[in-house]
Amino acid sequence: MNETLICDYASGQETNENGNLLGSVAFKPTGTMIIIAAVGIAALLWHNLFGIMFGGFCLLMDGIIRFKVKDHRVMDVYDDAVIVFDRVDEQKGTRIPLEIISQWEVNRNQNYAITLFLEDGVSFSSMSYEVSKAQKLLKKVLKGKSTEDIQIAKNRNRRK
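Sequential numbering of the sequence shown, starting at 21, is according to our numbering.
In case anyone wonders, no lab produced these hints; they're calculated from the structure.
We put the beta carbon where it would ideally sit given N, CA and C, even for glycine.
Honestly, I wouldn't trust all of these hints.
[Unchecked claim] Distance windows between CB atoms, simulated:
1. E168 with I55: 35 to 43 Å
2. R176 with F70: 45 to 53 Å
3. R128 with G83: 46 to 54 Å
4. K160 with N127: 26 to 34 Å
5. N177 with M81: 42 to 50 Å
6. D91 with E168: 23 to 31 Å
7. I120 with N40: 43 to 51 Å
8. N177 with R128: 21 to 29 Å
9. H92 with V59: 19 to 27 Å
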């Protein structure tokens with residue numbers, strides 16, 4: 021199973037992958053949301069006007085994100101492949117073996133995009149606010165293939 025496949029995956033079930041699941045990347049940053057809620061509750065305990073306003077704002081923003089923004093799986097990272105899920109239908113995804121990924125990048129500054137570039141010129145891009153988690157997982161399985169690492173290697177070769 022060494023080719024890129026578009027597959028159907030039942031939501032919440034295993035994906036029939038041979039490799040070991042290293043982690044999943046979702047759309048919403050659950051860890052950050054928990055921290056914001058905790059900060060909001062702590063600010064409410066200050067019992068002054070600023071604390072109440074700041075805490076209320078934090079809890080309001082956390083509540084809006086938690087209940088109004090739909091969360092969905094963006095990608096699963098295995099030790100032999102990456103599965104990029106469809107933005108509209110989470111039950112559909114594309115399995116990409118690690119061997120055919122030539123480069124990857126995570127854009128933290130503008131659109132929080134995670135982009136995988138394949139050897140044949142095709143690219144897959146997904147948006148997630150868990151870009152730190154995606155970056156850690158991709159660094160584990162695709163060492164030296166990040167855009168940053170490739171640029172650093174090119175700069176070192178120019179100096180020689």
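Outcome of the hint check:
Under the hint 35 to 43 Å, the C-beta atoms of E168 and I55, about 26 Å apart, miss the expected range. In this structure, R176 and F70 meet the distance hint of 45 to 53 Å, their C-beta atoms being roughly 50 Å apart. Between R128 and G83 the beta carbons are some 25 Å apart, a value that contradicts the proposed interval 46 to 54 Å. The hinted range of 26 to 34 Å is not satisfied by K160 and N127, whose Cβ atoms lie roughly 19 Å apart.
Separated by about 46 Å at the C-beta atoms, N177 and M81 satisfy the suggested range of 42 to 50 Å. Against the hinted window of 23 to 31 Å, the Cβ-Cβ separation of D91 and E168 comes to about 28 Å, which satisfies the hint. With their beta carbons about 19 Å apart, I120 and N40 fall outside the hinted range of 43 to 51 Å. Against the hinted window of 21 to 29 Å, the Cβ-Cβ separation of N177 and R128 comes to about 26 Å, which satisfies the hint.
Checking the proposed 19 to 27 Å range against H92 and V59 shows it holds: the Cβ atoms sit about 26 Å from each other.
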